[in-house]
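Chemist: As a plain string of letters, each chain reads:
2 protein chains.
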Amino acid sequence: MQNDQNKKISMKEIAVLCGVSVATVSRAINNTGRISDETKRHVLEIIDQYDYSANMAAKSLRESRSKSIGVIVPDISNEFFSKITLKIETFFYEKGYSVFICNSANDPEKEKAYFKSLDSKLVDGILFISGQKNISKDLISRNIPFVCIDRYPYHELNLPNVTCDGIMGSYIGTELLIKKGCKRILTIRSNTGNYSQHKRLKGYENALKDYSIPLDDNLLFSLKGPQSSYIEAENIIDRCLEKNIDFDAIFAFSDRAAYGALTSLKKNNIDIPGKVKLVGFDDSLYSRLASPTITTIRQDTDLLANLSSQLLYDVMTGTKELTNEQIVIPVTLIERETT
Amino acid sequence: MQNDQNKKISMKEIAVLCGVSVATVSRAINNTGRISDETKRHVLEIIDQYDYSANMAAKSLRESRSKSIGVIVPDISNEFFSKITLKIETFFYEKGYSVFICNSANDPEKEKAYFKSLDSKLVDGILFISGQKNISKDLISRNIPFVCIDRYPYHELNLPNVTCDGIMGSYIGTELLIKKGCKRILTIRSNTGNYSQHKRLKGYENALKDYSIPLDDNLLFSLKGPQSSYIEAENIIDRCLEKNIDFDAIFAFSDRAAYGALTSLKKNNIDIPGKVKLVGFDDSLYSRLASPTITTIRQDTDLLANLSSQLLYDVMTGTKELTNEQIVIPVTLIERETT
Numbered sequence: 002m003q004n005d006q007n008k009k010i011s012m013k014e015i016a017v018l019c020g021v022s023v024a025t026v027s028r029a030i031n032n033t034g035r036i037s038d039e040t041k042r043h044v045l046e047i048i049d050q051y052d053y054s055a056n057m058a059a060k061s062l063r064e065s066r067s068k069s070i071g072v073i074v075p076d077i078s079n080e081f082f083s084k085i086t087l088k089i090e091t092f093f094y095e096k097g098y099s100v101f102i103c104n105s106a107n108d109p110e111k112e113k114a115y116f117k118s119l120d121s122k123l124v125d126g127i128l129f130i131s132g133q134k135n136i137s138k139d140l141i142s143r144n145i146p147f148v149c150i151d152r153y154p155y156h157e158l159n160l161p162n163v164t165c166d167g168i169m170g171s172y173i174g175t176e177l178l179i180k181k182g183c184k185r186i187l188t189i190r191s192n193t194g195n196y197s198q199h200k201r202l203k204g205y206e207n208a209l210k211d212y213s214i215p216l217d218d219n220l221l222f223s224l225k226g227p228q229s230s231y232i233e234a235e236n237i238i239d240r241c242l243e244k245n246i247d248f249d250a251i252f253a254f255s256d257r258a259a260y261g262a263l264t265s266l267k268k269n270n271i272d273i274p275g276k277v278k279l280v281g282f283d284d285s286l287y288s289r290l291a292s293p294t295i296t297t298i299r300q301d302t303d304l305l306a307n308l309s310s311q312l313l314y315d316v317m318t319g320t321k322e323l324t325n326e327q328i329v330i331p332v333t334l335i336e337r338e339t340t
Numbered sequence: 002m003q004n005d006q007n008k009k010i011s012m013k014e015i016a017v018l019c020g021v022s023v024a025t026v027s028r029a030i031n032n033t034g035r036i037s038d039e040t041k042r043h044v045l046e047i048i049d050q051y052d053y054s055a056n057m058a059a060k061s062l063r064e065s066r067s068k069s070i071g072v073i074v075p076d077i078s079n080e081f082f083s084k085i086t087l088k089i090e091t092f093f094y095e096k097g098y099s100v101f102i103c104n105s106a107n108d109p110e111k112e113k114a115y116f117k118s119l120d121s122k123l124v125d126g127i128l129f130i131s132g133q134k135n136i137s138k139d140l141i142s143r144n145i146p147f148v149c150i151d152r153y154p155y156h157e158l159n160l161p162n163v164t165c166d167g168i169m170g171s172y173i174g175t176e177l178l179i180k181k182g183c184k185r186i187l188t189i190r191s192n193t194g195n196y197s198q199h200k201r202l203k204g205y206e207n208a209l210k211d212y213s214i215p216l217d218d219n220l221l222f223s224l225k226g227p228q229s230s231y232i233e234a235e236n237i238i239d240r241c242l243e244k245n246i247d248f249d250a251i252f253a254f255s256d257r258a259a260y261g262a263l264t265s266l267k268k269n270n271i272d273i274p275g276k277v278k279l280v281g282f283d284d285s286l287y288s289r290l291a292s293p294t295i296t297t298i299r300q301d302t303d304l305l306a307n308l309s310s311q312l313l314y315d316v317m318t319g320t321k322e323l324t325n326e327q328i329v330i331p332v333t334l335i336e337r338e339t340t
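Going line by line, the protein sequences match chains A and B. Residue numbering for the first sequence follows our numbering, starting at 2 and increasing by one per position. Residue numbering for the second sequence follows our numbering, starting at 2 and increasing by one per position.
No lab work stands behind these hints, which were simulated from the structure alone. Quantities reported herein were computed from a predicted structural model and do not represent experimental measurements. It is possible that some hints are incorrect.
One copy or any two copies: either way a pair holds, since identical chains are not told apart in the list.
With a straight-line Cα cutoff of 20 Å, these simulated SDA-like cross-link-like pairs (lysine to any residue) come out [unchecked claim]:
#1 Lys117 with Leu221
#2 Lys184 with Ile273
#3 Lys267 with Phe248
#4 Lys113 with Glu95
#5 Lys68 with Gln311
#6 Lys68 with Glu110
#7 Lys181 with Pro215
#8 Lys88 with Leu18
#9 Lys267 with Thr294
#10 Lys96 with Pro109
#11 Lys117 with Ile30
#12 Lys268 with Leu290
#13 Lys117 with Thr91
#14 Lys41 with Ala16
Next up, chain A with everything else stripped away, as it sits in the complex (with noise of 0.2 Å):
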């Protein structure tokens, strides 16, 4: 018999091809009741030899569950964030679920567009790494469950959250440049005003207040664009020099903005780390790569997705109650050349 690719057989054709009812089929199919072994190996292989592919789209309608999760992330050219995505797609596809990713570009309007979006195809469950410093509640339609990665918007709702420690880890930064003499510590942060630069923020000042230094606002510099500029981090430096702003160091809350800075000192022929100290923050390729290497802050994007993953795969398979359980996972200080 010819197997005409194009055509898409049905329950009901294999059904009359294998000598069994529709039924069956459907046993062999899902894997569910009772059926032979033999039964069902036979049903999967004349499956297999008409390559019928149940219609996933009217399968999910009848059962609200497709086999598949959705991740919204804010910028997947950014390192960080692909590390994590990556890790949380092989998490999934070993279990059987396709995960379709969602790049938000850090825009409210877009989450929440992909949101709906994710929602409307009947996804089992969202993964949400939200560039937003708040977002309501109104963002959900479906009672599906979400957990959210790194950022925790979501004051309003009881959701589970997973997140690197970002007070700890811009704490250490700062106590190493302290420990190492320094008392003029300029930062650069993002801003995007989402929740991980606000705790990196609250991370330094806390540093300075224990060793007793004073926060100096004239310390601070925020970028204007998106939170990847490196050349914004290089021009902030720039006039800095130019203004002959005393600083001993820069805390960069990013390792992009600490590679503008990076290229700023050199440029202007500065001493690192004999006149100034610089520090960085994720144990990115800019961190890496540059020269000299840049000390910084890493966090275990293996860990964070694989414990967000598989909080999510309980609450989906009902192991698990949707809590609001927030859990906080430990950074490591990577000591190299700029420090």
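Guided by the hints, dock chain B onto chain A, whose structure is given.
Modeler: Same frame as chain A, now just chain B:
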């Protein structure tokens, strides 16, 4: 009246609230048929008020059109692919589409699974960057428009494809090295067996031939692991130096591999570009951040993404027939410190 966010309001309920028929509500939502501007505005206001979100899964089943597309990429953590993907996302989002990104990890089984998964979700089109040399046509069950990017493994099929001129890219890279006096040009390619790596080898061979330099198989190296492995490239050059293999240049068919080669050369105190010259491929962070900066071949990812997006969009919207159009984009040589 209380607006209960958890309850999804039906089209019938909206019709009752507006005092119009269900057909009129449908016309307002879908912007079709005869309906006065005033009625339309009124219906849309009520919908907005009640946060009615049409169940897109049900809708797409009826219409087989879901205002969404899928993008299958081998590795979103690779800058080349993430740049293309982000540009595609922007293109389609601006046209009102959701873009679902799937990471195939260069795994043929995963590519197939994601293709089927996107297909069953009834996306309107697929942009496909394959990691394979060959894929059979039984991938496609539905008659869904799809456009191949960068790699073109579908010799059985007649599909449109947009690609950068890889043969020309490695030709001009090799030619630069020859013109600078190199005669023993070692190559490192990734061994994923994909079409783009194959083309790069071809361009290298063509240049040698045109300049009457014999091809020496002992200078051709392949990475066994994932194409990202720069440590493997470093090890290859380490071994070549140990064995005193004679070479005066390295052409690595990816910047990551070039970075690995550079690390080995620096470690072994080889004068760059004095004794050995180095060229990479991609113009990624690896070549830009390295010290010395690495000469490389830039592929125009923006143009690549925009042309393939436009092509898919035109086919999806019926402006254009699906043909086997082959678009090849020129590449640019970026000279830096290693040549």
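Chemist: Compare the structure with each hint and give your call.
Modeler: To see whether the hints hold, each was checked on the structure:
1. Lys117 with Leu221: Result: close neither inside a copy nor across copies, 37 Å intra and 50 Å inter.
2. Lys184 with Ile273: within (16 Å within a copy, 40 Å between copies)
3. Lys267 with Phe248: within (15 Å within a copy, 33 Å between copies)
4. Lys113 with Glu95: between (28 Å within a copy, 15 Å between copies)
5. Lys68 with Gln311: within (15 Å within a copy, 31 Å between copies)
6. Lys68 with Glu110: between (27 Å within a copy, 17 Å between copies)
7. Lys181 with Pro215: Within one copy, since 17 Å is at most 20 Å while 57 Å is not.
8. Lys88 with Leu18: neither (41 Å within a copy, 47 Å between copies)
9. Lys267 with Thr294: For Lys267 and Thr294, both the intra-copy (13 Å) and inter-copy (15 Å) Cα distances are at most 20 Å.
10. Lys96 with Pro109: So Lys96 and Pro109 pass the 20 Å test across copies only (18 Å; inside, 31 Å).
11. Lys117 with Ile30: Classified as between; 16 Å across copies, 30 Å inside a copy.
12. Lys268 with Leu290: This pair counts as both: shortest intra-copy Cα distance 17 Å, inter-copy 15 Å.
13. Lys117 with Thr91: Intra 24 Å, inter 18 Å, cutoff 20 Å: inter-copy only.
14. Lys41 with Ala16: within (12 Å within a copy, 48 Å between copies)
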